[in-house]
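So the sequence lines, in the order shown, correspond to chains A and B.
Under my numbering, the first residue of the first sequence is numbered 1, with each subsequent residue one higher.
Under my numbering, the first residue of the second sequence is numbered 1, with each subsequent residue one higher.
In silico DSBU-like pairs for lysine-lysine, Cα to Cα no more than 30 angstroms straight-line:
| id | chain 1 | residue 1 | chain 2 | residue 2 |
| --- | --- | --- | --- | --- |
| 1 | A | Lys3 | A | Lys199 |
| 2 | B | Lys77 | A | Lys199 |
| 3 | B | Lys177 | A | Lys199 |
| 4 | A | Lys3 | B | Lys177 |
| 5 | B | Lys77 | A | Lys323 |
| 6 | A | Lys399 | A | Lys539 |
| 7 | A | Lys323 | A | Lys591 |
| 8 | A | Lys3 | A | Lys146 |
| 9 | A | Lys146 | A | Lys80 |
| 10 | A | Lys558 | A | Lys518 |
| 11 | A | Lys384 | A | Lys399 |
| 12 | A | Lys323 | A | Lys216 |
Stretch-level coverage of chain B by chain A, calculated; a stretch enters the list once three of its residues show a Cβ under 8 angstroms from a Cβ in chain A:
| id | stretch |
| --- | --- |
| 13 | 29-35 |
| 14 | 64-77 |
Going by beta-carbon spacing under 10 angstroms, a handful of chain B positions derived as facing chain A:
| id | residue |
| --- | --- |
| 15 | Arg82 |
| 16 | Ile83 |
| 17 | Val84 |
Just so you know, the hints here were simulated from the structure itself, not pulled from any lab data.
The model shown is predicted, which means the values in this text are computed figures rather than measured ones.
No residue lacks a Cβ here, since even glycine has one placed at the ideal position from N, Cα and C.
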Amino acid sequence: MLKTDPMDGSAPRTLTLTGAEIVVRALVDQGVTDLFGYPGGAVLPIYDALFAEPRLRHVLVRHEQGAGHAAEGYARSTGKVGVALVTSGPGATNIVTPLADALLDSIPIVVFTGQVPTHLIGSDAFQECDTIGITRACTKHNWLVKHVDDLARVIHEAFEVARGGRPGPVVVDIPKDVQFATGRYVAPSDVAARVRPRKLRPDGIEAALDLMMRAKQPVFYTGGGVINAGPHASAALTALVRETNFPITSTLMGLGAFPASDPHWLGMLGMHGSWQANHAMHDCDVMICVGARFDDRVTGRIDAFAPNARKIHIDVDPSSINKNVRVDLSIIADAGAALEALLAGWRRRNARADEAALARWWAKIEAWRARDCFAYRPDDKIIKPQFAIERLYHAVKDKDVYITTEVGQHQMWAAQFFHFEQPNRWMTSGGLGTMGYGLPAALGVQTAHPESLVIDIAGEASVQMTMQEMSTAVQHDLPIKVFILNNEWMGMVRQWQQLLHGERYAHSYSEALPDFVKLAEAYGAVGLRAETPAELDGKIAEMLAAPRPVLFDCRVAKTENCLPMIPSGKAHNEMILAETFRGDEIDEDGKMLV
Amino acid sequence: MSQDFYDSPRADESENTRTLAVLVDNEPGVLARVVGLFSARGYNIESLTVAETDRAAHASRITIVTSGQPGIIDQIKAQLERIVSVRQVIDVTLDPAGVERELALIKVRSMGQERIEALRLAEIFRARVIDTTLESFIFELTGASQKIDAFIDLMKPLGLVEVSRTGVLSIHRGAEKN
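Go ahead and model the full structure; you've got the sequences and the hints to work with.
So this is what it looks like as structure tokens:
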């Protein structure tokens with residue numbers, strides 16, 4: 001709704017523009033500087049308006065899925081809203097996967113789709129699809145704008161909904177005649193708020209502090225919500241963890257919110273998390289969950305999840321509370337506001353935990369840590385995938401670096417062996433698990449941070465799903481580094497077939513693979529290959545020195561398994577380690593799970 | 001240490017029927033958003049009514065009768081509140097001043113004693129006859145769903161032909177808006 005003037009009740013001052021001009025003007029007024037897209041018949045008027053707008057940089061992708069993931073990478077690495085622009089019909093359906101991805105990972109993106117002219121809607125016109133119907137289930141909200149006078153208001157609402165509360169994707173579907181029509185433009189400040197802000201209730205914070213002060217075996221379990229809340233949330237979390245001397249673990253999505261070099265850091269938790277993190281979760285007596293959602297990859301068997309813990313859950317989305325795990329205390333709040341309130345309260349109370357108990361707890365944790373759960377058998381002839389990521393981390397850790405990943409074993413190894421000191425440096429598809437996410441996401445990150453080093457840690461299977469975006473990287477001079485751990489297998493599929501399906505490896509081996517070095521050259525990028533541990537460091541240095549996009553074909557051990565692992569249907573303390581791995585740990589019930 | 005910290009095992013984990021009034025912005029597709037939520041997350045819809053209630057305020061009221069364990073009902077309410085077009089979710093069943101009513105049209109075909117008995121029962125239930133032929137009646141009946149169920153059961157041996165029901169409507173008793 002539009003605000004009215006409080007003095008005389010009149011409508012705000014307006015400006016008359018075409019629908020296409022309204023889109024462009026609204027983007028500029030929303031602070032957008034970059035967008036990702038692909039033109040087509042139903043968005044040509046908007047592209048025509050973009051042509052004359054120097055304040056907006058448009059990155060032309062090769063497939064609309066790429067535009068969506070690039071917008072996600074852009075959003076995740078900047079904290080801003082990512083923007084994509086695609087045409088009707090196939091343009092819209094091709095971006096459905098990034099919408100679903102952004103919904104599960106709470107990434108704010110606004111996707112503009114063209115639509116056939118209003119008088120043709122419903123007639124099965126050329127390149128028509130029911131975009132609103134198709135995307136309803138994979139957006140926070142979506143709009144079909146049938147009247148040009150509504151367009152500016154809807155766009156401003158779209159940005160507000162995308163970034164407000166728990167962030168997420170939205171779609172604005174604009175028929176072509178609305179793009180041509182002339183209507184009034186209103187500024188963001190003239191649009192009434194659609195997202196209802198919530199007030200943090202102080203009694204929840206005080207109750208949480210009471211629990212924390214009585215804790216003997218506490219643990220912080222944090223997630224992507226801390227990163228979504230902004231760098232101040234990470235700063236408050238870091239201070240709170242250090243001042244309480246509590247251990248902390250995080251979900252895949254939360255990596256970077258707390259510095260990995262700090263001794264309080266236990267590493268990631270969950271299916272492929274660390275031994276110490278999962279055991280601390282299982283044995284804790286007070287769990288402080290901030291901006292995470294008790295996902296099945298995190299909890300393992302739900303009825304054996306942290307059985308003795310009082311659980312505090314801080315989340316901006318009330319529907320996350322008690323969804324998978326019942327908690328004892330819930331605080332509905334932005335993670336930043338809640339963490340700052342907890343920190344202020346802890347300081348005001350001059351609080352101390354039970355220090356003797358905490359010391360015993362830390363001794364237990366250090367014993368778990370001493371198991372060195374990520375240990376692997378090194379090899380001097382074949383590159384172990386873990387070794388490749390360790391060497392990559394060693395080479396870039398002091399640089400201004402952003403990491404994206406695809407989905408699979410390499411993603412888990414990256415989470416285990418690459419360490420993050422800051423938020424917004426780690427872009428990965430956590431909830432949806434979208435193979436093909438990392439390369440276009442890296443384009444989005446590089447667009448936002450042109451001077452930074454942006455690396456997509458990839459698998460050779462995933463990266464082929466969106467490989468065509470190398471062409472985008474070359475066209476727009478986005479010097480991303482695609483570091484492919486090439487084991488010729490869909491590694492995680494192969495691992496599960498070994499564990500669950502009697503080593504019957506149905507269709508998980510790529511009989512034919514492109515020569516990635518030649519492929520890079522065909523795109524006009526740089527191709528590199530490493531085949532032995534001895535040459536790895538040199539090749540990585542060559543990759544980092546290249547001023548252009550690079551495809552790095554890192555040939556790694558073919559059948560390495562990603563461990564440790566909580567087998568499906570098991571509890572945190574039933575984790576298996578590489579040293580004791582047999583391959584028959586999953587029972588019949590576990591096989592049913594994904 | 002193996003203490004159960006939960007306040008108590010939930011007193012009632014059984015399936016409950018609940019009536020939710022969902023006040024929404026009256027915009028295209030809003031019903032699909034609400035219904036889509038139920039189908040996507042596997043919740044039940046036992047009845048559904050929807051109509052615009054305030055044209056000037058662009059407001060519609062959707063009344064949904066659903067069922068599930070208490071935790072599921074809480075999830076349904078939280079998920080509904082997450083929909084941008086939803087303004088308010090009212091748990092009518094939990095509201096002591098909540099009123100629920102349903103309207104039914106019931107066609108009965110019979111002759112002789114059965115016809116007389118149907119009419120007599122209709123009077124007891126305060127059903128109105130809105131159409132009649134020499135061998136049939138259509139009754140209009142308003143009330144709680146259980147009352148309508150009871151009337152329909154009584155009509156079955158008396159020549160029940162067809163039933164049309166609105167589903168549950170709800171409002172808050174007293175002078176105030178909910």
